[in-house]
Amino acid sequence: MTGFALEGIELSRRYGGFAALDQVSLQLEPGEIRGLIGPNGAGKSTLMDALCGRGGPTGGRVTLAGRDISRLPAQVRRRAGLARSFQKTNVFPALGVREQVALAARAAETDNTDEVLDVLGLAELAGHRAADISYGDQRRLDLALALVGRPSVLLLDEPAAGLSIQESLVLARLLKELAGSWKVTVLLVEHDMEVIFSVSDRITVLNLGRVLAQGTGEEIRANAEVVRAYLGSSVE
Amino acid sequence: MNGLAVARSSGMPGSGARARVPSFLIAAAVLVAAGFAVPLLVGSQLALTLMTQAVIYAILAVSIGFLIRQNGLASFGHAAFFGMAAYLMALNGRFGWMPAEAAVLAAVALPAAFAFLTGLIIVRLPALSFSMLTLAVAQSLHELMLRWRAVAGGDDGMAVRLPSRLFGVGIEVFQSPATMFVVCWGALVVVIALLTVVARSRFGVLTIAIRENEERTRYVGYRTLAPRALVFALSAAAAGLAGVLFSLYNAFVTPGILHWSLSGEALIMAVVGGAQAVWGPALGAMIFFIVKDAAGDLTEHWPAIIGTLLIAVTVLLPQGISGLLARVAAIAPRRKP
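Those sequence lines, one after another, are chains A and B. Residue 40 in the numbering used here sits at position 40 of the first sequence; the count goes up by one each step and never skips. Convert by adding 1000 to the 1-based position in the second sequence; the result is the number in the numbering used here.
Hints are not guaranteed to be accurate.
Taking lysine to aspartate or glutamate pairs in the EDC-like style, the calculated list, with each CA pair at most 16 Å apart, reads [claimed, not checked]: (1) Lys88(A) with Glu1214(B); (2) Lys183(A) with Glu194(A); (3) Lys88(A) with Asp68(A); (4) Lys176(A) with Glu32(A); (5) Lys183(A) with Glu32(A); (6) Lys88(A) with Asp1155(B); (7) Lys183(A) with Glu29(A); (8) Lys88(A) with Glu1215(B); (9) Lys176(A) with Asp201(A).
It should be emphasised that the hints constitute simulated quantities derived from the structure, not laboratory data.
Given the sequences, and given the hints that come with them, work out the whole structure.
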């Protein structure tokens, strides 16, 4: 029994001869926001997939609040409290906004649909079909589907993709608030370094399927290997 | 989070699954009552016979439409369930396995069970593979009945022996066009009502979600296979009911009722009527029979006219005629002062 909200232990995934993920271990403390960064192809989304049970077979183990969930299918992991959003907007176009958030709430057996719609500013769009709302609203709806039911751990794959700078910063503030008030642990993949460094308690850097570095924002900024492999001058 | 709420597009209100059961039941009751009036208004036995057949096929079309609507899958072999039920009635009449009332229930349950079990395997396949497999199953049953002369009469078919009373009603009620039309019409309304209730239920919303985005449905916490198999089973049960009514009315079955051409016709009815609304395929069936009858009087090449209608609807009305009616109904209130 560990005290971690989520733990990935020596996770590996290979596609033919290519190791997309190579013995990656990751521990998230309860209520922590962990940033996950790295260049394209570093294995960020693959790590997300491995944690939530998506895609092909994965070596290693995943525990959620100490419970081994490695062999559980995605829907059971979700009901156990591990939710995720996707890199590409992943909603139900033909269903109403409220209708689909309520659907997700029923699976989680915690109906906080109205609360989530309010928090994400979707209440006014509750009666609209997802296909009829803007891209930015669809991104927030995607987040609502993951957030409803108050999961203990939230895996967010580029939630700010396609949002304006102002929207991204508001989203970052919201994540910080939720992590504090809802005690949600967040693993956040994001290319917007301003978002990552402003919200993350700690940051893990992946490169070529391996952990290159872990630490606070300051430590990551000061890590010469990280700067050389990924950050360059982007956070100067 | 209000800061995030920028540049919202205006859109149509959602298609939320709001249950309106009371008004819906009233509408169903009115439709059933209307069915009673038809035999009084239509004097021709030939016309009533044609209308009764049309209503039976409308139930088959509705069953296919429900599968398309909820699962996004088109069956090319729904005649399998129709024929399976009809042949069960015929075989039971011959071998006396169970009372005719029990056979009616079994003839609805058997296709449903068969569809659920096969559905657990085939609904997970790509849409085209699913369609081809349903076709293969139906054609296999067709071949079986065609060649099983000793038991099922082969190409000659077999009579459906029925008791003098069924569910306490004289059997002539099921074989006279005037009364059977009312029975079939009532069955059609009940099937549409029940499937509409299912479509608007939480289960219905779940299956639409699976149809739209199966992976996402799993990642919000649902299993996705069993609900899709259950939709297939409900669809097959409705097709089975149509098969039962067919066997009662015609008192004769042939392998033709398992043939792909019947599946194709029912699919055309569903496409023409539109599967967006549960009742759409029933409308398609009525139109199909009217056009077929009228075109048949004009030319022996009537299938070409049906084909032209299908092409026109597919190109001009992708949501079918019911979709057009729904659009008109949605626009009409906005034009009122």
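Consistency of the hints with the structure:
no.	hint	result
1	Lys88(A) with Glu1214(B)	holds, 15 Å
2	Lys183(A) with Glu194(A)	violated, 23 Å
3	Lys88(A) with Asp68(A)	violated, 28 Å
4	Lys176(A) with Glu32(A)	holds, 9 Å
5	Lys183(A) with Glu32(A)	holds, 8 Å
6	Lys88(A) with Asp1155(B)	violated, 55 Å
7	Lys183(A) with Glu29(A)	holds, 11 Å
8	Lys88(A) with Glu1215(B)	holds, 13 Å
9	Lys176(A) with Asp201(A)	holds, 10 Å
Hints 2, 3, 6 from the list above are not met by this structure, while the remaining hints are.
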